[in-house]
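Protein chains: 2
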Amino acid sequence: MSGRILPARLARLRRTALRRADALVLTHLPNLLYLVGFRGSSGVLVLTRSHCVFFTHGIYRTQARQEVVGAQIKIVEGDPLPGASRWLARKRPRRVAYEADHLSAAGFHQLAHILGANVELQATELCVDQLRAVKDADEIARIRASVELTARVFEEILPLVRPGVRELDLAAEIEYRMKQHGACSQSFETIVASGARSALPHGRASRKRLRENELVMFDLGAILADYCSDMTRTVFLGKPPAKVLRIYRAVQDALAAAREVVRAGVEASRVDAAARRVLAKRSLGRYFVHGTGHGVGLEIHEEPRLGRDSPARLKAGNVITLEPGVYLPGVGGVRIEDVVVVRKTGAETLTPLGTELICL
Amino acid sequence: MSGRILPARLARLRRTALRRADALVLTHLPNLLYLVGFRGSSGVLVLTRSHCVFFTHGIYRTQARQEVVGAQIKIVEGDPLPGASRWLARKRPRRVAYEADHLSAAGFHQLAHILGANVELQATELCVDQLRAVKDADEIARIRASVELTARVFEEILPLVRPGVRELDLAAEIEYRMKQHGACSQSFETIVASGARSALPHGRASRKRLRENELVMFDLGAILADYCSDMTRTVFLGKPPAKVLRIYRAVQDALAAAREVVRAGVEASRVDAAARRVLAKRSLGRYFVHGTGHGVGLEIHEEPRLGRDSPARLKAGNVITLEPGVYLPGVGGVRIEDVVVVRKTGAETLTPLGTELICL
Chain A
1 MSGRILPARL
11 ARLRRTALRR
21 ADALVLTHLP
31 NLLYLVGFRG
41 SSGVLVLTRS
51 HCVFFTHGIY
61 RTQARQEVVG
71 AQIKIVEGDP
81 LPGASRWLAR
91 KRPRRVAYEA
101 DHLSAAGFHQ
111 LAHILGANVE
121 LQATELCVDQ
131 LRAVKDADEI
141 ARIRASVELT
151 ARVFEEILPL
161 VRPGVRELDL
171 AAEIEYRMKQ
181 HGACSQSFET
191 IVASGARSAL
201 PHGRASRKRL
211 RENELVMFDL
221 GAILADYCSD
231 MTRTVFLGKP
241 PAKVLRIYRA
251 VQDALAAARE
261 VVRAGVEASR
271 VDAAARRVLA
281 KRSLGRYFVH
291 GTGHGVGLEI
301 HEEPRLGRDS
311 PARLKAGNVI
321 TLEPGVYLPG
331 VGGVRIEDVV
341 VVRKTGAETL
351 TPLGTELICL
Chain B
1 MSGRILPARL
11 ARLRRTALRR
21 ADALVLTHLP
31 NLLYLVGFRG
41 SSGVLVLTRS
51 HCVFFTHGIY
61 RTQARQEVVG
71 AQIKIVEGDP
81 LPGASRWLAR
91 KRPRRVAYEA
101 DHLSAAGFHQ
111 LAHILGANVE
121 LQATELCVDQ
131 LRAVKDADEI
141 ARIRASVELT
151 ARVFEEILPL
161 VRPGVRELDL
171 AAEIEYRMKQ
181 HGACSQSFET
191 IVASGARSAL
201 PHGRASRKRL
211 RENELVMFDL
221 GAILADYCSD
231 MTRTVFLGKP
241 PAKVLRIYRA
251 VQDALAAARE
261 VVRAGVEASR
271 VDAAARRVLA
281 KRSLGRYFVH
291 GTGHGVGLEI
301 HEEPRLGRDS
311 PARLKAGNVI
321 TLEPGVYLPG
331 VGGVRIEDVV
341 VVRKTGAETL
351 TPLGTELICL
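Residue numbers (the working numbering), protein chains in the order written: chain A, 1 to 360; chain B, 1 to 360.
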């Protein structure tokens, strides 16, 4: 990320988060990457009106110097939270905000103890996560590249998808090719779930071998230039029976219906309801056991969430998945998932593949 | 894991954790795998003297039925914590213990709110993690198999390690072969760090190409049958200069010194001190910027920790890494890491490779 973008993000955060608090203690690593560029696994960022200090362990001394932009770096022994808390206590803040969803209860008690009883602790709910939910053009370009890489890998491995192959071998091949094409890693453990296993929404690849006349669900994503992709396609090995075609068509229509509703200003729950309605009409509603989508960015699951009770309203620049699914326990499942950008007038699909059933 | 081991673990936990509390609320996923066998990504286990109930989201209905042993399964809408808390509130407990290190502050506040002001919440520090730190024979056999797989992959890729190859391509090859040999995934993002990048203790593989006369650090681990491995070897491309040999020898001796001290009953900090002393004597102490090791098991980093201030005392059945390192910023680094089992009389090394410097 360029050196100008990060300080602008910090400035935006300062304007909102320090309105009612004297300091903000940030502990969620993807948020630290977003704000100051740090990619390591241990760090705390403390933001006050006059300071921005990044605390990390000595193991990251060199890496922090190379990566961190817009914050002073302090190296502490061991866990950085107590060191950050002690530094902040000396500034005598009255109100300190912290990331309630991203700090452990033990960390919270430690922070409270070091700051003392006179400091009011304010739980912020996803304050940086909400900023991150709206992507700029550079971020959208990165997610698009990550999505395109994933689609390319999926097309490359299709010739390998045949009876006798193990799910795990296909997952290994997918993850290998992602890296060959420049991804630093997969964005989650690749799902390859065949036959009855495709009815497990999170059916991680197993030793099971593919068989003829089975559904095979692929859910894959890469991390490219820090940004995640997420894509699901379900294929059939052989000539699909009418029941499979009926379910597949229902999921395909649910995805189209959800996409139809997406645009800036719409409640996330309405998008979910649109997909759910299509499946309910075909008596498949009770087999759709998860939300319709989620934000994608530096993390594979981020704001906004698109579920039945999601309070969010979509904003232009949100990048979200749409991924309805139907899972018949013991039989099999179908899920189709695209990534789309929320625009003022509708959804722009980033996934460069059609949703038609692929039969192999 | 067999159907008898899990209930025995639950029984052991009940005996200790429910001595001073009426209920225990468990939220750390590896602990749920350890206790009831669940491998999904959303669940809460509530243990009382008379009940053991596992709460999860509808997305895991089928998977939970297949995996969970020794607990009643309840499916809840959305996040399982509020549902679990409400169920527990109806049992009218007076003292409820929770995993302070593995529950978010937001989750803690939610639990406290639902249980009400009359319930005393007790922070447990790593109570299940402490049980997990002592491995049984089956667990040690699994870790051994995982370590052996990792060593085999390292030996297989050595012929590919030559000038011109990108770090990322080697990492991709390593992770691919792990899966070919039966691993379900890597236990962390594979580190391949060459030249000056080897001075980054966590130098994740980059696009950098290997060059002649460089150090190359490999830190790799697999997950096989749920158990992690962890291994570091540092190689040299060419004929190493005296300075590299001196540093390498110091790290090798530090590892041997640490191993010499390991046995049941010894303080973890003494093992760390033994490695540190060797490096300090050779004026390299300030370049050893992390602890000497950590437990390995269902997680890649678990109890006990072996650092300067670690309070733990080693127990027979602990499985730990020993991984001293020296990192010269801008120049390069050396780390050597083995996995050993703590026995009554000493350390049993699981890593089936010597620690001599490999020159390619």
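Everything labelled a hint here was simulated from the structure, so no lab data went into it. C-beta atoms are modelled at their ideal positions from N, C-alpha and C, and glycine is treated no differently. Do not take every clue at face value.
[Said to hold, decoys possible] Pair by pair, the computed Cβ-Cβ distance ranges are:
1. B/Thr16 - A/Gln180: 45 to 53 Å
2. B/Gln122 - A/Ser50: 38 to 46 Å
3. B/Pro159 - A/Gly182: 17 to 25 Å
4. B/Cys359 - A/Gly78: 49 to 57 Å
5. A/Ile5 - B/Cys359: 37 to 45 Å
6. B/Arg14 - A/Gly78: 40 to 48 Å
field: Cβ separation of B/Pro159 and A/Gly182, checked against the hinted range 17 to 25 Å
entry: 24 Å Cβ-Cβ, so the 17 to 25 Å window holds.
query: That 45 to 53 Å hint for B/Thr16 and A/Gln180 (C-beta), does it hold up?
result: Because 49 Å falls inside the window, the suggested range holds.
message: I want to verify a distance hint. Is the separation of the beta carbons of B/Cys359 and A/Gly78 within 49 to 57 Å?
response: violated, 36 Å
- prompt: Falls inside 37 to 45 Å, the C-beta gap from A/Ile5 to B/Cys359?
  reply: holds, 44 Å
- prompt: Regarding B/Arg14 and A/Gly78, is the given constraint of 40 to 48 Å on their beta-carbon distance met?
  reply: With a Cβ separation near 33 Å, B/Arg14 and A/Gly78 fall outside 40 to 48 Å, so the hint is violated.
field: CB-CB spacing for A/Ser50 and B/Gln122 relative to the 38 to 46 Å hint
entry: Taking Cβ atoms as reference, B/Gln122 and A/Ser50 lie about 39 Å apart, which means the hint holds.
Consistency with the previously given hints fails for numbers 4 and 6, ordered from lowest to highest.
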